[in-house]
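Protein sequence lines correspond, in order, to chains A and B. The first sequence begins at 1 in this note's numbering and counts up by one. The second sequence begins at 1001 in this note's numbering and counts up by one.
No wet-lab data here; the hints were simulated from the structure. Keep in mind that a hint or two might mislead.
What the hints assert, rightly or not - List time: in silico DSSO-like cross-link candidates among lysine-lysine, alpha-carbon distance up to 30 Å:
# : chain 1 : residue 1 : chain 2 : residue 2
1 : A       : 325       : A       : 9
2 : A       : 181       : B       : 1146
3 : A       : 9         : A       : 172
4 : A       : 172       : B       : 1087
5 : A       : 172       : B       : 1146
6 : B       : 1120      : B       : 1087
7 : A       : 172       : A       : 325
8 : B       : 1120      : B       : 1233
9 : B       : 1146      : B       : 1087
Listed below, chain by chain, are the residues.
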Amino acid sequence: MVDARGNIKHHVRSELANLFRPGDVVVANDAATLPASLSGRHGRTGRSIEVRLAARASLDEVSQFSAVVFGEGDFRTRTESRAEPPTLNPGDQLELGPLQASVVRLLNHPRFILMRFAGSSREIWEGLARHGRPIQYSHVPTPLAVWDTWTPIAGPPVAFEPPSAGFALDWKMVASMSARKIRFGTITHAAGLSSTGDPQLDALLPFAEPYRIPRSTASMIEHAQASRGRIIAIGTTVVRALEHTAAIFNGFVPPGERLATQRLGASSRLRIVDAILSGTHERGSSHYELLRSFVDDETLNRIDQELNAHHYRTHEFGDSVFLEKADKQMQSADQPSVAA
Amino acid sequence: MKSNHESTDSIPFSPVPAPPDRHPGNPFVGLRVAITGGTSGLGLALVRELLNRGARVAFVARRRDRVEQVGHELPDAHGIVGDVSRKEDIHPITMQIVGGLGGLDVLINNASDLGPMPLKLLADTECEEFERAVATNVFGPFRLTKALLGSLSASAREGRGAVVINVSSDAALNAYARWGAYGASKAALLQLSRIWDEELSHEGVRILSIDPGDMDTPMHAAAVPDADRSTLKPAEVAACELGDAVAAALLRRPIVQEVFA
Chain A
1 MVDARGNIKH
11 HVRSELANLF
21 RPGDVVVAND
31 AATLPASLSG
41 RHGRTGRSIE
51 VRLAARASLD
61 EVSQFSAVVF
71 GEGDFRTRTE
81 SRAEPPTLNP
91 GDQLELGPLQ
101 ASVVRLLNHP
111 RFILMRFAGS
121 SREIWEGLAR
131 HGRPIQYSHV
141 PTPLAVWDTW
151 TPIAGPPVAF
161 EPPSAGFALD
171 WKMVASMSAR
181 KIRFGTITHA
191 AGLSSTGDPQ
201 LDALLPFAEP
211 YRIPRSTASM
221 IEHAQASRGR
231 IIAIGTTVVR
241 ALEHTAAIFN
251 GFVPPGERLA
261 TQRLGASSRL
271 RIVDAILSGT
281 HERGSSHYEL
291 LRSFVDDETL
301 NRIDQELNAH
311 HYRTHEFGDS
321 VFLEKADKQM
331 QSADQPSVAA
Chain B
1001 MKSNHESTDS
1011 IPFSPVPAPP
1021 DRHPGNPFVG
1031 LRVAITGGTS
1041 GLGLALVREL
1051 LNRGARVAFV
1061 ARRRDRVEQV
1071 GHELPDAHGI
1081 VGDVSRKEDI
1091 HPITMQIVGG
1101 LGGLDVLINN
1111 ASDLGPMPLK
1121 LLADTECEEF
1131 ERAVATNVFG
1141 PFRLTKALLG
1151 SLSASAREGR
1161 GAVVINVSSD
1171 AALNAYARWG
1181 AYGASKAALL
1191 QLSRIWDEEL
1201 SHEGVRILSI
1211 DPGDMDTPMH
1221 AAAVPDADRS
1231 TLKPAEVAAC
1241 ELGDAVAAAL
1251 LRRPIVQEVF
1261 A
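So here's chain A without its partners, still in its complex pose (with noise of 0.2 Å):
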């Protein structure tokens, strides 16, 4: 846990709930994973190929999804080593088990695609659920289960990988948070991939990602906006969509769904977002990047040896940190912004 003023101190998960004060409003993003990595064939060449879906342009779109493709092999290899897929062609069919694609254009790159789904929504729904699985990495080398990848408050199914921050949450403690006149809301983000195995597209993460925020999440923000009551972020998604939004609309955050395309980093001024629990991403990850926009590089730094010295575990099953934003900048920046 780090305070307004960078100082660390080190607590059990369980002692997450005493970290809210009254009066706070936490929001999570309650978006269930897809099992997004799908396994098959390339009608043309007959190659054996792997497409992980990576974005679509909103949350109701059923058919079609831009994705990264992959050759011959599975997540057990280290994803910059995976086999190149064949040449891919607009037109060409991938046969997805019981699910038909077709390659709508490739997105300048040559793993880069948009694809459509043939056939129905339901039959749509059907395949992703029967044949997909969760996309993974190699530092978890057994075969995840889709509900390893469900947090417990998931919901819509549209993440593409884990809202892993949401891995801290249990029931008992939106139980507690509620008895206890904390307000815990929810936000619908489609968390997308966090690595592709090729630079050029790593560069370009975080994709655009497709959010919505329910009238009783906007109504929360807007009543601890007026009464200086703390928002905090349970993961960096949900930093993203208030953010976006509050830049659209100069600090408010009303209800509805859009399309986040910012990337936040040091320089970005949080205008909603008060403090963030996150897992302990890499340095150099877009959320990494995102953490810039709460501390200095400096307390990064010393955030890092700490998690070092006592070997916290990274990635989206490991550990997590409680960051505030740090003091100067809710000196110089954050003005009340109510409405006259």
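Place chain B on chain A using the hints.
Then chain B, alone, in the frame of chain A:
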């Protein structure tokens, strides 16, 4: 197939949405409902009844041919092939429900297993037959409700009302010879419902156990082949009564969070 859901801007701000003009006090219009065991007996009657009341309905059953048959008869309903007694099926079922409907407001855990067929004394019941009844009647509803709890809870926060109905039986309460496996499993489901309803009261998610009574269905015929069918309640009547009970629960739901307290 309707796969889109309304944007949040179309949900009325008040936690209790205004009832539509068609039926005063009908909270089902536009409501997202999932029914297990939806191709036969009470389940099928519920699919028809709730579609008639304006709900958006997904139904789950094990046999693909029956799911497709019901899907042809009722093209507005979203049919899902799945077996709630298998833990590997729970998340695929959940994905298809929430993906297909865009969320969930009401779950009806109706799929049931009688245990040994024909019914047997407990002393003659194979443990595996009892386990199968428990897997379908207790762990199916438990796992499915858990997997859908995030969606139901989100629905409650939006003031849409979230209700889980666990279909029960008087065999859960009364000691009928040869109904041991079924009765014990339904008793477990009843108690599970009561405790879970208590635990979720802060979330605004209701868990209700409802006994529809003795009905003229294939399941009843399998259990009691020589019953006088004229004394049994038609499944359509039971479905209507159950629909009314769910409506009552939805309309009485508490306001979950007083934002401007």
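query: Are the Cα atoms of residue 1120 of chain B and residue 1233 of chain B separated by 30 Å or less?
result: 25 Å, holds
- prompt: Keeping to a limit of 30 Å between CA atoms, is the pair of residue 1120 of chain B and residue 1087 of chain B held or broken?
  reply: 27 Å, holds
field: Hinted pair residue 172 of chain A and residue 1087 of chain B, Cα distance within 30 Å
entry: Since the Cα atoms of residue 172 of chain A and residue 1087 of chain B sit roughly 24 Å apart, the hinted pair holds (cutoff 30 Å).
- prompt: Has the given pair, residue 325 of chain A with residue 9 of chain A, been kept, meaning a C-alpha gap of at most 30 Å?
  reply: With Cα atoms ~15 Å apart, residue 325 of chain A and residue 9 of chain A stay inside 30 Å; holds.
task: Would you mind confirming whether the straight-line C-alpha gap from residue 181 of chain A to residue 1146 of chain B stays at or under 30 Å?
output: 25 Å, holds
- prompt: Quick one, are residue 9 of chain A and residue 172 of chain A close enough, alpha carbons at most 30 Å?
  reply: It holds: about 24 Å lies between the C-alpha atoms, which stays within 30 Å.
message: Check whether the Cα positions of residue 1146 of chain B and residue 1087 of chain B lie no farther apart than 30 Å.
response: 12 Å, holds
- prompt: Does the alpha-carbon distance linking residue 172 of chain A and residue 325 of chain A stay inside the 30 Å limit?
  reply: 27 Å, holds
query: For the pair supplied as a hint, residue 172 of chain A and residue 1146 of chain B, is the alpha-carbon distance within the 30 Å limit?
result: Holds - the C-alpha atoms of residue 1146 of chain B and residue 172 of chain A are around 14 Å apart, at most 30 Å.
Hint violations for this structure: none, all hints satisfied.
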